[in-house]
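Under UniProt numbering, the first residue of the sequence shown is numbered 1, with each subsequent residue one higher.
Since the hints were made in silico from the structure, they are not lab data. Among the clues, some could well be false.
As the list claims (entries may be wrong) - Lysine-lysine pairs mimicking DSS-like chemistry, simulated, CA-CA at most 27 Å apart:
no., residue 1, residue 2
1, K476, K125
2, K38, K23
3, K38, K109
4, K23, K140
As the list claims (entries may be wrong) - Label pairs and their computed distance ranges (CB to CB):
no., residue 1, residue 2, range
5, L185, V361, 36 to 44 Å
6, R127, E231, 34 to 42 Å
7, K479, A135, 47 to 55 Å
8, A194, L116, 43 to 51 Å
9, R269, S350, 15 to 23 Å
10, E300, N138, 25 to 33 Å
11, A271, Y485, 42 to 50 Å
For each residue, glycine too, the CB sits at the ideal point set by N, CA and C.
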Amino acid sequence: MPDFSQINPSAKKTGLVSFDEVKAHAGRDSCWVVIGDKVWDVTSLLPNHPGGTNAILEQAGTDVTLAPGLATNSFVHRRLFDRLHSHDVLDLLPPGSLVGYVDQDTLPKIVHDDPLTEEELRILKARESLPPPSAALNLKDIERFAQQVLTETAWAYYSSAGDDEYTLHENSAAFKRYWFRPRVLNKVSRVSTATTLFGSETSLPIFIAPAALARLGHPGGEVNMVRVAGEEGIVQGISNNASCSLDEIVSARRPGQPLVFQLYMNRERAASEALVRRVEREGFNAIVLTVDAAVPGKRERDQRAKGNYSGIVPNGSSPPAGKGVAHAISGYQDPDVDWADVKWLQSITSLPLILKGIQCVEDAELAFENGVQGIVLSNHGGRELDFAPAPLTVLHELQHKRPDLVRERDVYIDGGVTRGTDVLKALCLGAKGVGLGRAFLYGNGVWGEDGVRRVIEIMRGEIETGMQLMGVTSIKDLKPELIRYVDRDLPPIASR
């Protein structure tokens, strides 16, 4: 055990920090918290914490990790730290922040019969009447169940979008403007949904899009998704802001299971480089650099859910406006990333590089001119710039203006997908594969691994049935001539 006696007087006799000593440091001048089995001095974070000073002060002098008795099998989470952060984030604290190990014998005993809050009672009641996953016939059903059983914080973070949420709704609405041109009298008793995404064989043309904080919905978090993705043979994207650590995620991974890592560029490039090196060592299949979120969008649902300022505020001052979970996890992200950083990233890794968040033809061209291996047409699920174009609209424009890029390069798409037919429309327009984010967060939040599996089952069934009714039997048969845009009387896009 390290010698902390020079840091904290209470450690001199036992080598441990008592919980009474932790409680004595619960103010602005000295703020300590217990995380796991360690005591951390987080005073330096108070002025700059993205979630606001009070997000820390309200928990000052306490154990902010999930209570052990509730950690694995309960949907009533009393502590936020483990739902908002993986323990990897502690590596980013300034040197000297580690005070010592907490004396476990001095920690307060966990009382399991504490009175439940109104929200906790609501959730427990909703879960008592929750049907099995088979009751969800489509992704909208899963979303409806999620709204019933998730905490206010989780639902607000998962469902929120930028400003008036026009882009959020347009992402889905765009699919409604494309209709199929089915071919008949083809033998379709056997269809194959297998394809290749991110250089790996996959059983479906969909992937789990990287999304943060799966533990907000279920204690298993991203680990649930890793396990099911491995069983079902699909690719998963792991978020830079995952609530499970890389160690947990890698431990749950099957041998050879494809994973791609989504990266937000850190203001400190050394931190990003170290993370990329770690991802390489763990055998990830690609780096997916997010480029559509230079700063967090104004997500008002998320902001309203973080409006509790019952903690300490200076006399005569007003509490800061809540910025929501999105701001709380994004303080390290660099808003000044440019094309030179793309080149820098390529110089430090041999992994394929995918740019996620391309929203116009010009940037798609620039991406491939800069040597990336693929792009994801995305607007961050409508969570950033409101009135950004729907990814399907950008894909259609790219197919018209640069069909060679769609034909010869890897172009992916995410956002607004609620049906298997949405996936088929994107593939007809030339997409290599289609990502789903919220659907998997909702499924995980409702039923854990079984919910993640149900999302895949629904999509597999709808994609297979849609292909049969279109008259095709393999993914390569999905061509532009099988779809048309219905708002104008245009001929279908001919194959090029």
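Beta-carbon spacing of R269 to S350 - inside the hinted bounds 15 to 23 Å or not: holds (18 Å)
Agreement of K476 and K125 with the hint, judged by alpha carbon distance not exceeding 27 Å: Answer violated: K476 to K125 is near 47 Å, above 27 Å.
Cβ separation of L185 and V361, checked against the hinted range 36 to 44 Å: holds (37 Å)
Hint consistency between K23 and K140 [alpha-carbon to alpha-carbon, up to 27 Å]: With a Cα-Cα distance of about 46 Å, the restraint between K23 and K140 is violated, given a limit of 27 Å.
Assessment of proposed distance window 34 to 42 Å (beta carbons of R127, E231): Cβ of R127 to Cβ of E231: about 24 Å, so the range 34 to 42 Å is violated.
Whether the CB-CB distance between A194 and L116 falls inside 43 to 51 Å: holds (47 Å)
Pair hint outcome, K38 versus K23 [Cα-Cα no greater than 27 Å]: Roughly 14 Å separates the two Cα atoms, so the pair holds.
Range hint compliance [Cβ, E300 to N138, 25 to 33 Å]: holds (28 Å)
Beta-carbon spacing of K479 to A135 - inside the hinted bounds 47 to 55 Å or not: violated (36 Å)
Verdict for A271, Y485 (Cβ pair) under range 42 to 50 Å: holds (45 Å)
Pairwise hint evaluation, K109 against K38, where the allowed Cα distance is 27 Å at most: holds (17 Å)
When held up to the earlier numbered hints, the structure conflicts with 1, 4, 6, 7 and fits the remainder.
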